[in-house]
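Here is what each chain is made of, one letter per residue.
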Amino acid sequence: MGRYILRRAVQAVGTLLLVMLLLHLLTTVAIQLNGNPAQAFFGDKVATAAQIAAVEERFGLDDPCYDQVGNPCLGPFVERLGQYAQGDFGTNLRGREVSDIVATAAPNTLRLFCVVLVTWLALGMLLGSLAARRRGSAGDHGIRLTSVLIDAFPVFVLLIVYRYVVAVPLHGWAERTFGEDSWPPYWFKPSFDADHPWATVLVPGILLGLAGSAAFIRLVRASQLESYQGDHVRTARSKGLGERHVVVHHVVRNSSVPVVTAVGLTFAEALGGAVITEGLMNIYGMGGVLWEAVRNDDVGLVLGVVTLLAAVTVVVMILVDIAYALLDPRIRYE
Amino acid sequence: MSDAVNAAPTAPRVSASNPLAEAWRTLRRRPDTVIAAAVLLFFAVMAAFPGLFTSTSPRTCPIREARTTPQGWGGDHPLGTDALGCDVLATLVHGVRPSLLLAVVVVGVSLLIGVTLGLLAGFYLGWVDYLVSRTVEVFLVIPLLLAALLVLSLFKGVDLGAGTFNVILLPAVVLILFGWMPYARYVRASTLEAKNLDYVTAARSLGASDLRVMVRHVLPNAIGTVTALLPTSVAGVISAEAVLSFLGIGVRPPATSWGIQIEQGSQWVLGGAPHILLAPLACLVATVLALVVLGDALRDALDPRLAA
Amino acid sequence: MSAASRMRSAAEGEGRGTRHSPGAERSEGEPKAQPLLEVTDLVVEFRTSDGVVRAVDGLSYRVEAGRTLAIVGESGSGKSVSSLAVMGLLPPTARVTRGSAQLAGTDLLALRPRQHRAYRGERVAMVFQDALAALNPVHTVGYQLTEALRARRGLSRADARTRAIELLDLVKVPNAKARVKEYPHQFSGGMRQRVMIASALAMDPEVLIADEPTTALDVTVQAQVLHLLAEIQAERRMGLVLITHDLGVVAGVADDVTVMYAGSAVEQAPVGPIYAAPAHPYTRALLRSIPSTAGADRGTRRRLPVIPGRPPSPAARPSGCPFHPRCDVAQDLCRTAVPPLTSPAPARLSACHFAADVLANRPPRAAERRDDRPQAAETPTTPPFDEQVPGGDHE
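Residue numbers (my numbering), protein chains in the order written: chain H, 39 to 372; chain W, 1209 to 1516; chain X, 1123 to 1517.
Don't take every hint at face value.
[Claimed, not checked] So the derived list for chain H, only partly shown, Cβ under 8 Å to chain W, looks like this: (1) Thr65; (2) Ala78; (3) Phe191; (4) Val199; (5) Gly310; (6) Leu328; (7) Val340; (8) Leu347; (9) Val352; (10) Ile356.
Derived from the structure by calculation, the hints contain no laboratory data.
Computed from a predicted model, the values in this text were never measured in an experiment.
Backbone N, C-alpha and C define an ideal beta-carbon position, used for all residues, glycine too.
All chains, full assembly: derive it from the sequences and hints.
What follows is the structure, encoded as C-alpha cells:
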C-alpha cells in the first residue's frame, strides 16, 4: 500500500511538471504571436508603462526567445519553476500576490465544494440506488427523465435564471416572511455575503451540484445494476443474508469503486463549474477571482490561478487513487 | 446465471449484424428521439439559411426602438428588440451559425484525434500507449473551462479576422485541445477489449495488415461507446461557448452568439425587458435538451444491458 | 472418467441379458430412507420478450441424508434453474408456477420470501460454478466465510475468525490462519472453489447444492475438489446435489443420477446401473460421448460418437418427446406423444416410450415389428412396477 502511494505520488509530480510545461508553452505562443510580448498580459487594455515594466520583469519577457515564434523558451520556464517551488505564483495587476489572493479565496471555494459534494452524493446515491433497485418501474423512468432534464440545463443557464429571474423576488419574499435578520433571506441573496459565507454559498452550491448530479445518478444506477446482476450478490443471498445487508455490503459497497473514481474525474469539471458559479454569484472564491481576472484582462492572475488549480487537481487525483486502492483490494495488491 | 435465462431471449431473434444499425432501428421507433431530431434539424436549417427566418439584419439597431416588447408574428420585431435596439429574433437566428459550427467542428476534430490516438495506443501498447496515456493524463488535469479561460484571455489581443471560421477559430482550437481525451480513453479501452476477440486474432493470423485489422475489425467494436457520447459532447460545447461568450472571450464580434445575447439580456430582466434574456436562453435549453435526449436514447440503444 | 469407461466396458461385456440386476445397487444403501429434500413436479417459467418460456417442466427428485444425487444435463436443460428455485434465488423474471420442494417436512416453495431466507444457508446451501465471480472481490475471504454467522447468529469478531480458520482447515486450504485475511483474487482457482465450499458449509446445512463446482477448474484440480466434496459429504452425512454437464465427473462421487433434458428428467437411477445399462437414448448418447482412454490402449481407436443437433431452446420445444429430433431410435410415436416417466426395471425411471428396449440395448419394438419379429417386451405406457412416477410413493 505504502509503495503504491509512493509510486502514484512520484507519477503525479511528473504529471504536474508536464502540466506546467504545457501551460508555459501555451503562454509562450500567445506572447510570441502578440507581437508586443508584455501587451499579451493586458488583453484589450492599455497598460501603463509601470505595469508593462512589472510584467516584463516578472515573466522575464526581455528574454529574446519571446520574439522568435516557435521557440519553446525553456530558460524562462526553468526560472518560473523555481519561483513556483518557492510558493511565488506572481501578482495581479495591482501587485497583490496570487498566492495571497488564493489563500483568502480558497475557504469559500471549499465551502462551495462541500455543498456540491453532498448534493452529488445525496442525489446520486439516493436516486441512482432507487432506480437500480426498481429497474424498469415508473420510478426508474421518472428518475431517468429527471436526469435528462437536469442535463438539459447547464450550470450556466441554471445560475443565470436563478440569479436574474428567481433570486431577487425570492429574496424579497424571504425578507418579508421571515424578517431581515433570519437565515432564509441570506440563502436567497443573489450575491455572496462575506459575513454569512455558508448561507450565501448554499443555494449556488446546490445548483452546481444539481447540474453535475445527472451523471452521478446514471453512474450509480449503472454500477449498482451491474452489482445486482453479479454472481457475488447471488452468493450473498444464498447465505440467507437479509436484503438490507446484501444491498449495503455487496451492492453499494462494490459499486462505490467506480463512483469514487467518478468523483475524481468529475472534480476537474466541477472546478470549471465552480468558476462559473462563483463568477455569476459573485462568490469570493478561487473561481470568482479567476472570473473577475478574465473580465479585467488580468492575464497574470489568470495564469497564476490556473496553475495553482491544476496543482490542486493533481493532488485530488492522487487522493482518489488512494481511495480507489483502499476500496478495491485488487488494485492494492497489484 | 442459468443458460436458459441467457438463451431464451436471444435465440429466436435474428442477431444484429451491426450495433449501430440496430441502434438506428431502435431510435427511429421512439417519439422522443424523433422530436429531438426535428428540433435539431430546425436549428441546423436556421444556421444554414438564416434568411428563411428573418429579413431583418442583426446589425441595424435603431437605438430609439430599444427594448421593444415582443410583438408576435407579423410585427416588425416578433421577439422585440434588445437594449441597443437590435432585433432579438434576427440576432438569435444569426447567432445559431457560430454556435453550432463551433460545436460540430470541435466535436468532430476531437473525435478524430481521440479515436486515432486511442486506437493506436490500444492496438500497439508499449511506448505508443505510454505516450498517449501520459498525454491524456496531463491534459485531463487542466479543466476544459479553465484552459479556455486562460488561453482565450492570452490570445484576446491577437487579431484573426472576421470570416465565418475566423470568429470561432480560437475557441475551437482550445476546446479541441482540451476536449479529445475522453474519446481517446474510451476508444483505447474498447480497443484493448476488441483486440483479443477471436475473429480479430483470426484476421491477424491470416496476415491482414495492422491498418486493416484496426479499421475493419477493431474500430467498429470501439465506436459504439463513443457514439453515445457525441450528442452530449455537442451540447457541452454549446454551453461552454455560451459561457465563454458571456465573458466576452468566445465567439468574436461582430459575430453574435446566444452567449453574448444572454450576457446582454441578463442586465434587463428586472428592468422590464426579460425577453432579451429569455429568448436566447429558451433556444439554448431547447437545443441542449434535444441533444441530451438523443444522447440518452443512443446510450440505451447501444448498451441495452442498462436500459430501463 | 476412467471409472466411467470401466463401467461402460463392463456393461458391454456383461451383454444383453442383465435387465433386472441394475437395481441391486440400491439395496446396499439405506432401505428407503426418509428423503431430506424432495422436489416434486417443479415447473419454472421465465417471462421474456417472446412470451412465457418454461425452463423447468415437471422435475422431481429426492436427496437422502448421506447420499449424493447428480443432476446431469447440457446447458439450458434447466438443471441450474431448478436448484435456484429450491434456493429461492430465481431472477425476478422467473417464477415457480407448480410443484413443491419439501425439506424435512416444509415446502420451501410455499414459504414467503422472508421465511425462505431463514432456510437459505442454514438448512440448504449452495456452491456456485465460478468462484471468482461468486465471491465478492472487495471483502476478505474470512469476512465472506463468516458473514452470515455474524449477521444471523451474532458471532463476535474473534469467534468468527476462529470459525473462519476452522472452515478453511476443513476444506484443506493450507496455512488457513494467514489466508483468512486475504482476498479471493489472491487464491488459485482450486483454492477459491474450496473457499466457496467452506462458505456454504459455514452454517452446517443439511443439504448442499453444488452447481457445476468444478467446471471452471483444471482437470487435476477438478478431481481434488470433487474428492473433497465427497469426503465432507460422507463425514457430515449431508445430502449433496451435484449439478454437472459431465457424466464422467459423476461416476466416482454420486449415488444416484438424474439426467435432465429440455427442462425435465429423462432418466433417474442409481449410478451403477445407469452406467451399466442406460434406459434412455439420451443417457446412452451422453455415455458414448465420454472420451475413453481404454479404446486407445486396446488399439481399437474409434471415432467418438457425438449427439447430432443442439439442445432445444426452451422457447421452441419440439412436439412429442423433446429429444426425438436428436434421438437415434426415434419412432413415429415419439414425434406426437410426450413419453411419461416409466419404470422399465426396479429403481429405474426413464422418460422414453421404448425404455425397456433401450435398457435391453435392442432396437425399439416398433422398428422390430416392421421386421415381423416376435416381441415380448411390456408396454412402456403401463409399466408393471409400482414406482412409475416420481413422488408416486409420496402422499
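Hints versus structure:
no. : hint   : verdict
1   : Thr65  : holds (6 Å)
2   : Ala78  : holds (6 Å)
3   : Phe191 : holds (6 Å)
4   : Val199 : holds (7 Å)
5   : Gly310 : holds (3 Å)
6   : Leu328 : holds (6 Å)
7   : Val340 : holds (5 Å)
8   : Leu347 : holds (6 Å)
9   : Val352 : holds (6 Å)
10  : Ile356 : violated (11 Å)
Of the hints listed earlier, the one the structure fails to meet is number 10.
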